[in-house]
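Protein chains in written order, with the numbering used here: chain S, 624 to 1266; chain P, 624 to 1266.
By construction, these hints were calculated from the structure, which means they are not laboratory data.
Each pair may be met inside one copy or between any two copies, as identical chains are not told apart.
Only pairs whose alpha carbons sit at most 27 Å apart, straight line, appear in this in silico DSS-like list of lysine-lysine:
1. K769 / K854
2. K799 / K832
3. K868 / K832
4. K1261 / K1164
5. K1242 / K886
6. K946 / K886
Number of protein chains: 2
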Amino acid sequence: MNKTLELRAIEMGKNIVRMTTAAGSGHPSSGLALVHIVASLMYKQMRYDPANPWHPGADRLVLSEGHAVPVIYAAYADLGGAVGKSPAEKRALTLDDLKSLRELDSPLDGHPNPAEGFPFFDAATGSLGQGLSAGAGLALAARLNKIDKRIFVIIGDGESREGQISEALDFIIDHKLTHVCPIFNCNGQGQADYVSPQQSAEVLTRKLKAFGYKVEVIDGHNLAAIARVLKKVGTNETPMAIVAKTQKGWGVDSLKDKTNHGKPLPESEVPAAIASLDRAAAERKVPATGRIPRPPAPPAVDLPERPGRIDIEPFADAVKRAKLDDAVAKNKLSTRRVYGMALLALGAADQRIVAVDGDVSNSTFANIFAKAFPDRFFECKIAEQNMISVAVGLAAGGMIPFASSFAKFLVRGYDQLEMAAITRANIKIVGSHSGVSLGADGPSQMSLPDLGFIRGYASAGDGRGNPAAVILHPADAVAAYRLTELAANTPTICYLRTHRSDVALIYPQDASFTLGGAAQLAEGDAVTIVASGYMTTVALKAVRDLAGSGLKCNLFDAYCLPLNCEPILAAARKANGKVLVVEDNFVGGFYSAVAEAAALTGEVKVVGLTCPRIPKSGKTGDIILNALGLGPAAIAEKARSLG
Amino acid sequence: MNKTLELRAIEMGKNIVRMTTAAGSGHPSSGLALVHIVASLMYKQMRYDPANPWHPGADRLVLSEGHAVPVIYAAYADLGGAVGKSPAEKRALTLDDLKSLRELDSPLDGHPNPAEGFPFFDAATGSLGQGLSAGAGLALAARLNKIDKRIFVIIGDGESREGQISEALDFIIDHKLTHVCPIFNCNGQGQADYVSPQQSAEVLTRKLKAFGYKVEVIDGHNLAAIARVLKKVGTNETPMAIVAKTQKGWGVDSLKDKTNHGKPLPESEVPAAIASLDRAAAERKVPATGRIPRPPAPPAVDLPERPGRIDIEPFADAVKRAKLDDAVAKNKLSTRRVYGMALLALGAADQRIVAVDGDVSNSTFANIFAKAFPDRFFECKIAEQNMISVAVGLAAGGMIPFASSFAKFLVRGYDQLEMAAITRANIKIVGSHSGVSLGADGPSQMSLPDLGFIRGYASAGDGRGNPAAVILHPADAVAAYRLTELAANTPTICYLRTHRSDVALIYPQDASFTLGGAAQLAEGDAVTIVASGYMTTVALKAVRDLAGSGLKCNLFDAYCLPLNCEPILAAARKANGKVLVVEDNFVGGFYSAVAEAAALTGEVKVVGLTCPRIPKSGKTGDIILNALGLGPAAIAEKARSLG
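Extracted from the complex, chain S is given alone in its bound form (with noise of 0.2 Å):
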């Protein structure tokens, strides 16, 4: 078996030679060190039909340091594995395709990339150290669809660098995945320069055994080591990690000083590459041909049907099983609060729903969920990066993650949520303590430039026809509710962004909100005010005042980006043509969406009053927007000034 998968390995090699260089640019180096695991791995080990690569019961490979992955391309078209969107759009791989590496209509995408054809890989990788807590979130999907499942996660000596590594580690001891197995490419070169002793295979191996490891150190070009230690994973009690020293460039002269990473050869060199991986082969006693051994097949697994949309109970029941009826006849209920219970009715309602939070679970009111179904929830702890990254792995996995944090530290993991956006991985993800009304805490814990940060994708498509990203604002307990439900049925990421303090409720129970949308909460014929979350209580109030005064305004709750502006727009030209857009951020957020809009006709003016400066504490929430000028006073006053 070993010979013929050492020839394999050759043949990858001199595959990942021929496509770097077709392409212009690409890592061969780092490709070549892998040869010989992803040899054992993609023809021997992993139990997985490359004909259906979205077979549930596969055993699957994250590829965490992404810049490797013509390796994967290699072994794939040898074995005329399937790409393409769907399984209705499925074709096989060919050698010949590998010559259309990166290009823009292949899916040989420069990093690991599903979306665009790929569907080999679960999660796009490319930045680093993110493999592994994809693969954790991947393990606990399998484990509570009941697969025996294996997921390998190929990580680079440098990479581990990334502290989300430790944090992976960690999770992975904490919730006994023994079925995810972190291998350690230790090549020892970086880009720039050697790898730190840090991360030596040494250093490596000391660590992990540190974090609670069964650590296994291995040649990593011996195929028999390989087999001996792959074959081990899932079988212990203990979480297992691979150290495997390699080769950067193995087989290939040329590209083994650490000043090629990331460079291909030119095609005049590419002969005496060739040359260079037969004397390698030779040296090995490999034959020139040899058949193309198949992976095993994944065992059969019978997942039950799911439903499309998930309907939810009605208000009222969801207020009396989370037992909130309390707080609703007091008419005082923080939208955060109400997140935990229409995450408790959603849990109720489809099985897919699970959530994960950052030691905050009794602040988001992830707890409210965490409580009724313990199994489905999963306590991340201290470590962001971790948590947004398990939750592209378990979405992968077939469930829809709730991922809950303050929404200031879920800035923490905005890096990973651009991998999860462009896996169009279905995660949900949800902040807490929003914009400065948070008070007292003070700016450390409050998010201001969230909104512009995600915008930036909510005005983006997927390439499917969805936005690649949607923020739902809920600015009462019933918004609040329904728009939980509508991210649980959104197929793309959804930002739900909830506050701390207690508000009265707005809508009637039974009001619906859709994407894109905007409820007129007050009528007027002077300026249109659009508010958003907690400020729609703000400038209600304000609302209110002006009326008393005379002076009646249009009030817009606009509870979702990519907003329509065009009702907005519409009854901002039947007033005065004006618009004051108030929120408790930066810009970047409601306000630009408006102003953008309205800029396209210039019929409309839009003036914005956000968060003006860097906050400090102070004792409430509405000393802060007062002190900022964004109390309903100051809301007044500007609606004044713009009659």
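Chain S is already provided as a structure; the job is to place chain P on it using the hints.
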């Protein structure tokens, strides 16, 4: 001595209880766990002058677990430490001031916040896991300034789950920073639940040893043990870490339970808490009164005078210094390469210029600086979170740090960047390979929502007359050179956004650039086009093509956010009243800024061409730009439609 300190610890405990109750929020139990460690540090072990927290020779304390800050306030008020936004405004903090915790006009913010008048701290904390990196930056700056200063960093056990801690631990070993000492406060209780066994004192100790630390495990309530280990800091060849076993809510029975995280006591329970602390004092035979010890004075430090402004040599001289004559002769220079050239010129002009990079210095071209000034370049390896926070520490130590990576990977440090903004840290971050023109590597390497995020800060004030951040986006080599200089001379966070591709020179070598500026590159009476960065080269081609077919457009190169839009709008009013903004990223950047400005009056219409979907790989940047409708032909077509 210890009895004297024991009394201070008891008094601190009482004040922690009182001030959090007065504030109605805060984390008394976390502070109580630290009373002995902080008493030992602030009254005895740290060499500093409470009356002059700005003293450059003083030992520093970073409270990474920022929510425990009342313990610091209690000791500092007891010592009459100076508060105020500058030495000119300083006054002594009193015990009476403690009642103002978290009030709007108090320097006692909810979490450590040096910028609002508490200069004892160097870095805002409260988003967890960042303090050790900031401490490492302080230690690097001290080493550069030849100051024998120790930096103590207090880290929560739950907090140590944040991956950034492991990044900082590696960095400290790599750079042999024996003068920075992490102190892990192991009380076993998190917010939502107990701390994971992975962060127990035992496993933390095992991990720290594996990382290469000399580890001292102590009882965190034993002052003799605390003193014994603190004295060792900075005396060994090997960095040292302290694992302190503590009790959450020490001394106050009603605050020891885990459910109390973050909750102050109601007024009615304060007497019992004080009595509880009195009992703890009696058990330890602490005298009822005693003198307040003064910490030892810091060593005298003689730092050279620094000029206010750094002027760099003429462009042509810098080209020679960086040996880029050939590239200039060919008229092909990427803005990222010129960043390296400018950094070299800055480094030659001023010793405060330092650089950090995340294993991509041969791509960001920080390596041009690194080769010339190896003592002022700090390789952070693949760990961007740590890199940004190290820069914060370097800035607090008087340096002007430039931190570079791919713009996409800087997102990994956006939470850290926000904490830098709250700190008002004078750091410069440099994102290379920005936008979609990166091309072949694909979306995992492209920065697209970056301008949307950072424009939030650029549109807000820092409370000192500056924007909280400035975005500088050079279109060519001359712009890159001068905007790097401008970054060094602008006392706020600057984000320099560079591109991968070589471009021809647009500006004369003596061109000048100003904050808020945009340069008019073409005049006409048709549509007014606004471009930025690499898109200026693309738009220039479109404008030349349009001029060739008789349509004369205005073209502005907008190179700064915040942007003074008035010249653009004035030119548009003089022409056909229409503006087209073209960008290689998502909405939220220059398009949004111009649209917001135009929507204020409605006189000018604004259309944007921005990245419309999540991109994928394409062989070249121009292929991608064309595929996304952002190439010269698409710009020209849109311009024609606008007349």
